[in-house]
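Colleague: Position one of the sequence shown corresponds to residue 114 (our numbering), numbered consecutively onward.
It cannot be assumed that every hint is accurate.
[Unchecked claim] Cβ-Cβ distance ranges computed for the label pairs, FRET-style:
hint : residue 1 : residue 2 : range
1    : Ser218    : Arg196    : 14 to 22 Å
2    : Ser224    : Arg131    : 15 to 23 Å
3    : Leu172    : Ser195    : 13 to 21 Å
4    : Arg213    : Ser136    : 25 to 33 Å
5    : Asp171    : Val142    : 18 to 26 Å
6    : Gly205    : Pro125    : 25 to 33 Å
7    : Tyr123    : Glu176    : 24 to 32 Å
8    : Arg183    : Glu220    : 16 to 24 Å
9    : Tyr123    : Thr221    : 16 to 24 Å
10   : Glu157    : Asp197    : 26 to 34 Å
11   : Thr221    : His168    : 13 to 21 Å
Because the hints were derived from the structure by calculation, they are not lab data. Note that CB positions come from ideal geometry on N, CA and C, so glycine has one too.
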Amino acid sequence: MTTVLIVDDYQPFRDSARGLLESGDFDVVGEAEDGHSALRLAEELRPDVVLLDVHMPDLDGFEVARRLARLERPPRVVLTSSRDDYAPLVAGSAAHAFVRKDALSAETLASALG
Numbered sequence: 114m115t116t117v118l119i120v121d122d123y124q125p126f127r128d129s130a131r132g133l134l135e136s137g138d139f140d141v142v143g144e145a146e147d148g149h150s151a152l153r154l155a156e157e158l159r160p161d162v163v164l165l166d167v168h169m170p171d172l173d174g175f176e177v178a179r180r181l182a183r184l185e186r187p188p189r190v191v192l193t194s195s196r197d198d199y200a201p202l203v204a205g206s207a208a209h210a211f212v213r214k215d216a217l218s219a220e221t222l223a224s225a226l227g
């Protein structure tokens, strides 16, 4: 089963994402509400995937993705946002994919991961 760390500053989204992903073949191993917590938990929990919001109070998702890529065992990063305009920016970033928040499901995450 693929392990996932959910990172978003909005608790209701984290709750919803957890339910959607756990209904599929994903095991949510942790949640973080900001970039610094995400980096700490990713190093500690070593998830396969980090589902990462672009907008957070401390570090944006692109910066967190860059830092995650430097870990000894970097996770695959899927950025999320309610805005489509970030999708084209993923190609030049350390993230693997982008999924709109309103399109998130276990199936769309699996598809984004290829």
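Colleague: Tell me the hint numbers this structure goes against, listed in increasing order.
Modeller: 4, 7, 8
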